[in-house]
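Chains as they are written, first to last, in this note's numbering: chain A, 1332 to 1657; chain B, 6 to 343.
Hints may contain errors.
Unchecked claim - In silico DSSO-like cross-links for lysine-lysine, where the CA-CA straight-line distance does not exceed 27 Å:
id	chain 1	residue 1	chain 2	residue 2
1	A	K1370	A	K1350
2	A	K1637	A	K1651
3	B	K18	B	K212
4	B	K152	A	K1490
5	B	K180	A	K1382
6	A	K1377	B	K180
7	B	K152	A	K1350
These are calculated hints, taken from the structure and not from any lab test. For clarity, every value in this text was computed on a predicted model and none was experimentally measured.
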Amino acid sequence: MAVLAMRDALNQALREEMKRDESVFLLGEDIGLYDGSFKVTRGLMKEFGEKRVLDTPIAEEIIIGTAIGAAMSGLRPVAEMMTVNFIMVAMDQVVNAAAHIRYMFGGGTKVPLVIRTPGGGGHQLGAQHSHSHENWFAHVPGLKVVAPGTPADAKGMLKSAIRDDNPVMFIENEGTYAVKGEVPDGEHLVPLDKNEVKRAGDDITICAHSRMLIVAMDAASELEKEGISAEIVDMRALRPLDMAPVIESVKKTSRLITVEEGWRSYGVGSEIASRVYEEAFDYLDAPVARIGAAEVPAPYNKRLEKIAFPGKADVVVTAKALLGKN
Amino acid sequence: MKVEQRPADSKSKEAFTDKASLLNLYREMLLIRRFEEKTAEMYQAAKIGGFCHLNIGEEATIVGTISALRPTDYVYSTYREHGHAIAKGIDPRAVMAELFGKETGTSHGRGGSMHLFSADRRFYGGYAIVGQALPIACGSAYAINYKGTDDVVMSSFGDGATNIGAFHESLNVAKLWHLPIVFVCVNNLYGMGTAVNRASAVTEIWKKACAYDMTSERVDGMDVLAVRRITDQLVAQAREEHEPSLLECVTYRYRGHSMSDPDTYRGKDEIKEWQTRDPILSLGEHMKKQKMLTNEEIERIDEEITAQVEDAVKFAEESPEPDPKDLYRDVYAGEGAA
Ligand SMILES: Cc1ncc(C[n+]2csc(CCOP(=O)(O)OP(=O)(O)O)c2C)c(N)n1
Ligand SMILES: [Mg+2]
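Build the full structure now, drawing on both the sequences and the hints.
Following this line, the structure appears as C-alpha cells:
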C-alpha cells in the first residue's frame, strides 16, 4: 500500500480505469496540456492522447452535454468541472438531461457518466469560488452523489463511479487534494452506496463527509483528550443515502451532530436529521445538532472567512454542549 | 411576418426522377400529416394529456432531411417530434401509444408527447428544454469519431433555439472537433408567439453558422425535394469529411404552437398564404405532372394511410396502462429504486 495525496489517488483511479476500458475518456477545461487546474489529470493526455483526454472550450453546458450524448452512445465519459461553482451554467444538462433521460425515455437508454468537481472554501476565493452544493444534486432522483474524504475512498469510489451505469456526481474538495493517506494498489473498489464508521466511539455520533470528515476526525481526537468518545460516520455516499451506520450508531450514543461545509438550510444535515427522527427518534437524548457554513455568500476577508466555514472548534463546542459538558 | 420567398428550386426536381423514392417521400409526409391530425383529434377527446406540439405544415423539413439518413444514423429532436420519430422508422403505433401514456409506447408512458425515444431506430429523443439536445447530439457525434464508425448525427430544433447559448456552444465544438453532425433548424418563423425578427438579431438563421466558419444553407422548407437534395450533400459532407453544417429550412406551422395555443399573434391571411404552398400538395402536383401519380392513386394512398393511423389509435386504446408498481422502474440503471 502506498501513501498518496488525494489528487494522486484520483489520478491513479483514472489511469487504471482508462487502461482497463477503452470506452473511458476524460473531458474538461485545461485537463490535458495544462494537466488540470488541481493536477488531478496530470500526465494523462501524454499517456492516452488527445482523443481520450479532451481539452474543451470554457463552455460547461457543452462539456456536460457532450458527455451525456457520448454516454448514451456507448462511451464512459468522465467530465471535470473546474469547480462546482461553474457547473451552475450547466445545471440544465445535469438535472433536466443527465438525471432524467433514462426515466423519461422509459429505460430505453442509460447515461454512464461521471462528473468530477471540487467544492469547498477556505482559500479566500470569495462568493463565486467557495461553496459546496452536494445537497442540490443529492436532491435529484436519477443522480448518484458521492463525496469521499480519504485518498483510499477517493480512488475506490472513483473507480466504482466510472463502472457504474448511472450519472454520478463525484464531489471533491479543493482543501483535500494534498491530504495524504494509505491507498491500496490496483483493483480497489469502494461501493457508491455504503457509508461507514471511520472512528468508533460511545458518547456521541458525528456525521461528516468530504473535508468535514477530516475536521470531524480532528475534533474527535481533541474530544478524546477531554474524556469524550465520539463515533465518526463518514457520509461519503449521499445519494443513495446509506443511513444504516448512522442509525446503528445513534442507537448506541443517543446523540448526533451533522457537519457539512455548505449552508445548513435544506442541507445534508437536515436530511440526515429527518431520517434519524423517522427511524430512531426514541433513541435520541437530545435534538440533532447541525453544523454548517454561516448563511452568507463566502467573504474574502481571511478572518471573516474563517468564521464563516465550520472548523474543529465548532464541532468540539457543539459536542460538549450536547453532552452538557461546557 | 414576411419572409423573402425562395425562387422555385428546379434543379432539385430534376435530381429526383425515380418514382419509387418520390412516392416514399409523399407517403411519409402524408403519414405524418394524418397522424398529427388524428393526434389533435385525440387530444381534444382528452385521450392525450400534457403539452402537444404538432408538425402539420412542416412535413417537408422532416421527411426531406431524415430520408437522407441511414438506419444507424442518429436523430435528435425537440418536443415537436412526432413526425421525426415516425420518419426515423418508429412504428406509429408505438408513438400513438406513448401519446396515450401507455406501457406499449416508445417510452413506456413515462415520457409522453415530448419525450419519444428509440435506441433501435437511433431516434435519440425528444427534448423539452429549448436548445438542450444540441450539446447531447454533439456527444453522439464525438462517440462516432471516437469509435471510428461512419455514422452521422442529425440534430433538429426550432428558430427560437438559435438564440440560446447551447446552440452556439454546439456549433463551436462541432466545427472545432470535426463532428459528423448536421444541425437542422426548422425555421417556422415563430418561437411560441414571438416572431423571429422580434427574437433574433439575425433573421436569416443560416448566417449564424458563419461565425463558426461552418457550411450553412437556407432552403425552402415547403419543398421536400429541395430539402432532400441539400441534405444529401450535407450528410455526405458529415459522413465523408467529418465536417458539420447548419441547414435552415424555412417553413410554417399551420396550427398553434401547441394544442393549447389560441394563435392570436399572427393573421389568418398569413396562415392561408403558407397553406397555398403546402409541401404534400405540391409534391402531389409535381408527380401528377410527371405522370407518376393519378388522382385515384392519391386517394388510395390516403385511404391506406388513414387506416394505418386508425390502427395506431386502436392499438394505443387497447394497450395497457403502466403498472403503478413500476413507478420507480428505470430511475436508475442496473438496480431498483435508490
Ligand atoms: C429553455 C426553455 N425556455 C422556454 C421554454 C418554453 N418554450 C417551449 S417551446 C418554446 C418556443 C420555441 O420556439 P422554436 O425554437 O422556434 O421551436 P418551435 O416551437 O417553433 O418548433 C418555448 C419558449 C422551454 N421549453 N425551454
Ligand atoms: Mg419556431
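The hints, checked one at a time:
no.: 1; hint: A:K1370 - A:K1350; result: holds, 19 Å
no.: 2; hint: A:K1637 - A:K1651; result: holds, 21 Å
no.: 3; hint: B:K18 - B:K212; result: holds, 26 Å
no.: 4; hint: B:K152 - A:K1490; result: holds, 22 Å
no.: 5; hint: B:K180 - A:K1382; result: holds, 16 Å
no.: 6; hint: A:K1377 - B:K180; result: holds, 24 Å
no.: 7; hint: B:K152 - A:K1350; result: holds, 16 Å
The structure shown violates none of the earlier numbered hints.
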